[in-house]
Amino acid sequence: MLLSVENLATYFFLDEGTLKAVDDLSFAVEEQETVTLVGESGCGKTIVALSIMSLVPSPGRIVEGRVLFNGEDLLQVNPERLRQVRGGEIGLVFQEPGAALNPVFTIGYQICEVLRLHRGMTKHEAETEAVRLLGDTGIPDPEKRFRAYPFELSGGMQQRAVIAIATCAHPKLLIADEPTTALDVTIQAEILDLLRYLQDQYRMAILMISHDLGVVAGISDRVLVMYTGKAMELASVRDIFNEPRHPYSQGLLGSVPRLGEGKGELRRGIPGAVPDLMQLPAGCTFHPRCPIGDASCRSEFPPLGSLSDDRLCACYKVSA
Amino acid sequence: MKSNDRPSKRLLLAGSLIPGVGHLLLGKRRQGVHLLALALGLALVLVLRWDAFGEAFSSPRLAPWLSARFLLTALAATAVFSLYDVRRSLALDGDDSTGRSPFQIAKRRFAANQLAVIALYVIVIMYLIAALAPILAPFDPTAIENPTETQYLAPSWQHLFGTDEFGRDLFSRALYGASVSLSIGLLAVLIAVTIGTVYGAVAGYFGGLIDNVLMRIVDVVIAFPTFFLMLMLVGIFEANIVFLILILGLTSWTGTARFIRGEVLSLKEREFIEGARSIGLPHRLIIFRHIIPNAMAPVLVSAALMVGGMVAAEAGLSFLGIGIRPPTPSWGNMISQGQDALLVAWWVAFFPGTLLVITILSFNLLSDGLRDALDPKTLMRKYV
Chain R
1 MLLSVENLAT YFFLDEGTLK AVDDLSFAVE EQETVTLVGE SGCGKTIVAL
51 SIMSLVPSPG RIVEGRVLFN GEDLLQVNPE RLRQVRGGEI GLVFQEPGAA
101 LNPVFTIGYQ ICEVLRLHRG MTKHEAETEA VRLLGDTGIP DPEKRFRAYP
151 FELSGGMQQR AVIAIATCAH PKLLIADEPT TALDVTIQAE ILDLLRYLQD
201 QYRMAILMIS HDLGVVAGIS DRVLVMYTGK AMELASVRDI FNEPRHPYSQ
251 GLLGSVPRLG EGKGELRRGI PGAVPDLMQL PAGCTFHPRC PIGDASCRSE
301 FPPLGSLSDD RLCACYKVSA
Chain W
1 MKSNDRPSKR LLLAGSLIPG VGHLLLGKRR QGVHLLALAL GLALVLVLRW
51 DAFGEAFSSP RLAPWLSARF LLTALAATAV FSLYDVRRSL ALDGDDSTGR
101 SPFQIAKRRF AANQLAVIAL YVIVIMYLIA ALAPILAPFD PTAIENPTET
151 QYLAPSWQHL FGTDEFGRDL FSRALYGASV SLSIGLLAVL IAVTIGTVYG
201 AVAGYFGGLI DNVLMRIVDV VIAFPTFFLM LMLVGIFEAN IVFLILILGL
251 TSWTGTARFI RGEVLSLKER EFIEGARSIG LPHRLIIFRH IIPNAMAPVL
301 VSAALMVGGM VAAEAGLSFL GIGIRPPTPS WGNMISQGQD ALLVAWWVAF
351 FPGTLLVITI LSFNLLSDGL RDALDPKTLM RKYV
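Protein chains in written order, with my numbering: chain R, 1 to 320; chain W, 1 to 384.
Some hints could be false.
[To be verified] Okay, derived cross-link-like pairs now, DSSO-like style, lysine-lysine, Cα gap no bigger than 27 Å in a straight line:
| hint | chain 1 | residue 1 | chain 2 | residue 2 |
| --- | --- | --- | --- | --- |
| 1 | R | K144 | W | K9 |
| 2 | R | K172 | R | K123 |
| 3 | W | K9 | W | K28 |
| 4 | R | K144 | W | K107 |
| 5 | R | K144 | W | K28 |
| 6 | W | K28 | W | K107 |
| 7 | R | K123 | R | K144 |
| 8 | R | K20 | R | K317 |
[What the hints assert, rightly or not] With the C-beta cut set under 7 Å, the calculated list includes, among others, these residues of chain W facing chain R:
| hint | residue |
| --- | --- |
| 9 | S101 |
| 10 | P102 |
| 11 | G275 |
Rather than coming from a laboratory, the hints here were simulated on the basis of the structure.
Cβ coordinates follow ideal geometry from the N, Cα and C atoms, glycine included.
Produce the entire structure from the sequences given, and follow the hints as far as they go.
Here it is as structure tokens:
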């Protein structure tokens, strides 16, 4: 097992109270596998990614849990080792490529920085390799783009450069936090192709974060449905799309408009909104919005029960 | 431009032995004129003041010794740079497709602002003159000979700025005074800005307790009455140039520290700083490579303003008699000296005063120009 997150809890200690962004979350990513975290905005998906990298911004803190990466707990290692892991063994791709690149340096410089840091290359070797990598990510005319500044590139090319930076040290795991959200649809497909290509080439696992179910279907092996910082359902991508079991998963899939539907019938989505993470409903946090929930759901959050070998679901009303 | 209608490479290299000519032949007029003017100016000084140069070259005193070496180094550097740059241009073969860096964009915007460009020329020329003062000055600025005959001579071709009550040539004194006043201004600001930038960046980047402690120290330093501190220190130690630079530099870094901290507080929330952390860069590199370069624009603007302020501060202190002590000339103590003779010999205070005004004004204009060029929010349609 490459990555195993166990009972992770990341809280934000604000003046108004404690915000439980991620609470008692466990999941694993196998080598070369693609796992996707799915959920509405504000469900703590990004905080999971930042927690794995130990990059949780203040006043957030990881209060509990373990992040085992190749058996090593990343929450316990010294800062020196953590820096080797960041960028070297785990790469991170951001949602907004324009904001993730430093505006005062060229694209080439920013790739070379990683190559010199993690692959111990000299300046000259790094430059040659960076141009090759830029070409490899599908950027046309890489020698020229090497000397370009971030704002001179289009969003798609910026994201390719960010991906080149995140993968140039050949990490074992790539965390991609909504890598296609800021891009238009045709570019989205190209970026997903690129991720799949790099995954094959470097034998990486990918932990994807997305709320776009089209993206999820296209790239994932397994899907973890998250709600209010907790795991709701974990299943293979086929199972989730063919037969979602958790009422929240059903709601999510039901919100996707389909071709051929009558114009008049608008999809209703899930009624209500994601609750305030500081005032979570007692018991199952989804019960106020749940079509099948009843009084029995209000006492305690349901345990993540096993439906089959590779399928987990946290719901009192769903059983094997 | 196609490569076959260019002059041959050999011609270009030969031409670039005279700095600037290579650039002119390549069609880079601006750089060519600048390099040529600089080289010709320096060469002219060398030829016209050959005797003074020889004397300075073998002088046992530091200022002329340095000045002579500066002249030679500057000439050599101009030639070497010119040759190197022409070769680089030829190697690129007209393909100057380096990206438009934020710095280059700012440079272009700055160049379109004529007032600021003139101010920059004035400042550069002032500093060149200050550096070459021992070679350029026609008389010894401190020698007193036959004061009764040469006292208070009005400006003439022999004494461009006239003479003072001891019969010293004021032009020579003003040149030497320039090197004193201007180097104090520049070096004090360098000290202040370096300390302030690193200090403010560390406070803002780490935040929390470190930030709190560091900023309370800043509050204490700001609360110190600088002027009285200087009066007191000058009473204890002898005021010389190094001492003044340190005093001015070490008491004025707080402003820079404060606004750099503010910049960094907002910068560190930006995603590319998170990105820098996510690729495993250590804090030291994040601060120096990713944070400080992005916070540099306002530092430059305020530094230019500060140099003018420092030159004025030095003049003020020297005027009051607690800065540079006569007979060492500085613009401040020259004005102070001229104050007593204002009705008999107006020129004693007039020339150093004018130079002071021009210098400070130039720095203010430069600062304005830098702000307009570096701040993307300024509307620059007029210039671009």
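How the hints compare with the structure:
Under the criterion of a C-alpha separation no larger than 27 Å, the hint pairing K144(R) with K9(W) is consistent with the structure, at around 25 Å. With a C-alpha separation of about 24 Å, the suggested pairing of K172(R) with K123(R) holds against the 27 Å cut-off. Of the pairs offered as hints, the one joining K9(W) and K28(W) holds, with about 15 Å between alpha carbons and a cut-off of 27 Å not exceeded. Taken as a hint, the K144(R) and K107(W) pair is honoured in the structure, with Cα atoms around 22 Å apart against an allowance of 27 Å.
For the suggested pair K144(R) and K28(W), the alpha carbons sit about 23 Å apart, so the restraint of at most 27 Å is met. At roughly 16 Å between alpha-carbon atoms, K28(W) and K107(W) fall within 27 Å of each other, so this suggested pair holds. Distance hint between K123(R) and K144(R) is fulfilled; the C-alpha atoms sit about 18 Å from each other, no more than 27 Å. With a C-alpha separation of about 25 Å, the suggested pairing of K20(R) with K317(R) holds against the 27 Å cut-off.
The criterion of a C-beta within 7 Å of any C-beta in chain R is met by S101(W), whose closest approach is roughly 6 Å, and the hint holds. Given hint, P102(W) at the interface with chain R, holds; its Cβ is 6 Å from that chain's nearest Cβ, closer than 7 Å. Given hint, G275(W) at the interface with chain R, holds; its Cβ is 5 Å from that chain's nearest Cβ, closer than 7 Å.
Comparing the model with each numbered hint stated earlier shows that all of them hold.
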